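Put the two chains together into one complex; each comes in its own frame, and the hints tell you how they fit.
Protein chains in written order, with this note's numbering: chain V, 218 to 495; chain L, 10 to 299.
Just so you know, these hints were derived from the structure itself, not from any lab.
Please read all numbers here as calculations on a predicted model, not as lab measurements.
What you were told as hints is all true, and nothing was included just to trick you.
Partial pick of chain V residues on the chain L-facing surface, computed with a CB cut under 7 angstroms: (1) Phe262; (2) Val327; (3) Val340; (4) Val466; (5) Val473.
All residues carry an ideal CB built from backbone N, CA and C; glycine is no exception.
The residues making up each chain are set out below.
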Amino acid sequence: MTTLLSTVTDPLQYGFMRLGLIEVMLLGIASGLVGVFVVQRQLTFFAHALPHTIFPAVVLAAVLRVDLAAGALVGAALTLVLVFGLQRHAAVGHSGAVGIVLITFLALGVVFVGLFRVRTADVGAALVGNVLGTSAGDVLLTAALVAGIAVTLWLVFWPLVFTSFDTRGAAGLGLPVILIEVLLLVMVAGTAVVGVRVTGIILTTAELVVPAAAALRWTRRLRPAMALAAGISAASGLAGLMVAYYVPVAPAAVIVLILAGFFVASIAFGTDGPLRRS
Amino acid sequence: MNPLAFLLGPIQFELTQRALVEATLVSVACGVLGVLVVQRGLSFISDALSHCVVPGVVAAFLTHANRELGGTISALIAAWAMLLLRRRGALGSDPSIAVVFTTMFAFGLALISATGSYLNDLTEILFGAILATSPGELLASGAVATVVLAGTVALFWPLVLVSFDPVAARAQGLPVDRIELAFYGLLALAVVSGLVAVGSMLVTGLLIVPATTARILARRVATQMVVSGLIGCVASWIGLYTSYYLRIASGGAIVLAAALIFAVALLAAPRQGIVARLLHRPRRTETVTA
Chain V
218 MTTLLSTVTD PLQYGFMRLG LIEVMLLGIA SGLVGVFVVQ RQLTFFAHAL
268 PHTIFPAVVL AAVLRVDLAA GALVGAALTL VLVFGLQRHA AVGHSGAVGI
318 VLITFLALGV VFVGLFRVRT ADVGAALVGN VLGTSAGDVL LTAALVAGIA
368 VTLWLVFWPL VFTSFDTRGA AGLGLPVILI EVLLLVMVAG TAVVGVRVTG
418 IILTTAELVV PAAAALRWTR RLRPAMALAA GISAASGLAG LMVAYYVPVA
468 PAAVIVLILA GFFVASIAFG TDGPLRRS
Chain L
10 MNPLAFLLGP IQFELTQRAL VEATLVSVAC GVLGVLVVQR GLSFISDALS
60 HCVVPGVVAA FLTHANRELG GTISALIAAW AMLLLRRRGA LGSDPSIAVV
110 FTTMFAFGLA LISATGSYLN DLTEILFGAI LATSPGELLA SGAVATVVLA
160 GTVALFWPLV LVSFDPVAAR AQGLPVDRIE LAFYGLLALA VVSGLVAVGS
210 MLVTGLLIVP ATTARILARR VATQMVVSGL IGCVASWIGL YTSYYLRIAS
260 GGAIVLAAAL IFAVALLAAP RQGIVARLLH RPRRTETVTA
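Extracted from the complex, chain L is given alone in its bound form (with noise of 0.2 angstroms):
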């Protein structure tokens, strides 16, 4: 096959075409708003909120409603719980976000499968189907996207001010709490956002593998989020070429994408790259500046 062949191959039905702008879409939104995640060292509760989208989902997807929307009105819940959990303190926060993640799924579980034969359903929610998804869901988790990322872009300031230095910020008169639950708002946003392109389980990948790639790469927050979002653009359409020529999941290709171009950024990055520290004592430690 000539390479022009093979490039244009996917691009010439509506529904990959729609495949790929969502893709791309949610990658970058994800890439941005994951700086702020890995940052603030939110991995896990990344991932526990990708599981507390499922019982929304199934309850839509039982009642024929709109999978998005579920799926935000439990991961909105599930935040909430989760920022006033973390806010408390007073669980050693770890154990009881693991509590609240592994009751909601279980609940989503327990709906699926009184059905009856559920697996088919439920491997589509965990790891998404975007080539098997109707032009309107793929159209909301879109929408989904655009609003995290403009979100983000609107609230730089603030939502980098408080995940740095919080005393300061409260200090200069900012709204810490509300802002705090701005963020874990787009968090939740940008879990949704995810489902029909890499599945619930696979959404944390988009949100924490390009962003620590791009902390590697740049000092600037801001830069950070740039390189962040194409490498999840770059990631998102290595992806979906790769299931559309092997007619695999795109949600695993696409984070295993993902996680190539971070080994790779590990190794050969110019200054923090293994290789570079082997080669060059570093004469300073690297801090990070907004």
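This is chain V alone, in the form it adopts within the complex (with noise of 0.2 angstroms):
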């Protein structure tokens, strides 16, 4: 019995354990929270190209030593204006246009590393993240989002499920729709750069789809759906986090596993949502 207990708490007397522990799991509440939206609406592919987006200035900040979280904002909006510019093109298309804005940029944070020398350290935790490496500052930064995510989606959540299932009706109701859309990838985005530092770049996706996608198979009803998301994410988070402390593997692959674990028990069990039509 002390055995058992002491695998949970030897852990927890390292620093940077306690601290990554609470960083996967406010990203875990963050991401289930975010996730819902980006499956309903279809932003998959988007929310998947936003971390390579963001990965030049991930770089740079690598490089010039400062905080990653501004740069990466400038990143993410960069990539909003020219993916909405670019897919007005016919020849080019929506999934074109998001395609092209990732492989560009990652193209160009890889032209980066070569160019300034960046350290392998510090592009390793960009591709697939070190949240062994947060810091309090980080885990504040996190606590911030979370809180900004829950106040905004409190605030304009009604808003936000009429604009998602019916934005002309939202439009002629004479909602803000845009100002909304604009909202919601504002908090992918957010969702994104904590992603990043924790799972990097590449398994990100899983943090913004698979909790959600996974959720979705149990309710239709979006708060519910939210609230399982989160615990699904959260309970991957740290119990990844965990079992990367005794298994001398990358965190983020031990997260990302978990997940999809929750995944196929949510298709072999699931009693409900839109996925389950067949």
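Listed below in structure tokens is the structure:
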């Protein structure tokens, strides 16, 4: 009994583990809240692109030794503008625009890595995350993000739902549809920035999409789905980091594999949701 | 440095010669197949597939087997899974694609991170290192690229018909399911062929950027394929020279060169360019014909 208890409490004696655990839990809450809208609005590819497009900003931040948050927000804003501009061209389209912006920014980041001789450790942190390098300041910033997302969603939940299901109707009622959409994308971008720090640019897609997709197999109603997704995501983060303490593998990989387990279980046993059609 | 010495610089070594040939083959193959990828709006699937290569490559890396072989096996499994998910359509498609590729990548990451200090190997898999690749690996990826190019040319009409009008294709008695399987197989092979030249993360760039550029410049699919292959070829040469002289990873330079060509075409294309459109109001919407 004591061994079982100490399995859980042992890692907690280290400050980096405590901070890491708080960070993955906060990220879990943010990704659960935002992710349901990502899946519902079919923003998966866009959410997948965001971490890639902030890669050059992350690289520059590592070179200049500054916090990546500001640079990442500039990257996210540029992505928005470019995708909206490009997708209006008939030969490009939405999926093409997202793909081109994603891959161009990623390539730019890779060229920066070469030009500025960025240390492999910094590149690796951007690629697969560095949750155990979380500082107290990072945790505070993430906590502020979660609070911001929660308050925003509490304020604009119904307009956001209305806009999601019936954009024209919402516009007809005089709702500021574009403002609401931008708000959602800003929340996705903020979560992506934290996601990159924890799980890296490739696996952040999993954080943003998988818990929500799993939760939506159990209920179609958005608010219970958000709570469930946040729970799944936070639980996967905590469990993944604990496993990674004992097994020498990258924490991001363990977290995502646990998330995938939740998804498979939800497909097998899920009782409801828009995904159950056949 | 005089221009001739600049041009001949990289060509004097056998390794760089091989790299140029390999990058040319890969970019042409991806450019040609990419026209169908973009036409069908499969950018996300092609990017997802490129991440699915990773577990196979890592396994090959750890067992000192051929990377292209490992990558091909895991990419084909992933392509089959995605085709199945897409056909069922029960999962709203995009989220299920995300689940498949993040799980496969996480598996590869878990595998390689268990070896201890792994970041150098991982960045090489993700971003390619064509000038640090053994002749055997170059040969293997060149061979895969050749298969993709030959397959796309040989199956041109079935692939085009199934891409544009699957209902008509089925009505004509074409084996649509098998052609789809062949298309996804070619896509998986194309992703593998780009492993050493641009790395698994950037190969999507070779598949979609030159092809989208070609769609702006040309209307017929066959012409688009030729133009896309040419653009890919030019981009890979610019990229390789840049990477040789600035000593940076070739993948980023190649994809960035392709993106620059795209930007120029978007602005200055004779019919569909932004400048041309501002000067002449379009009289009718352009349609793409085979």
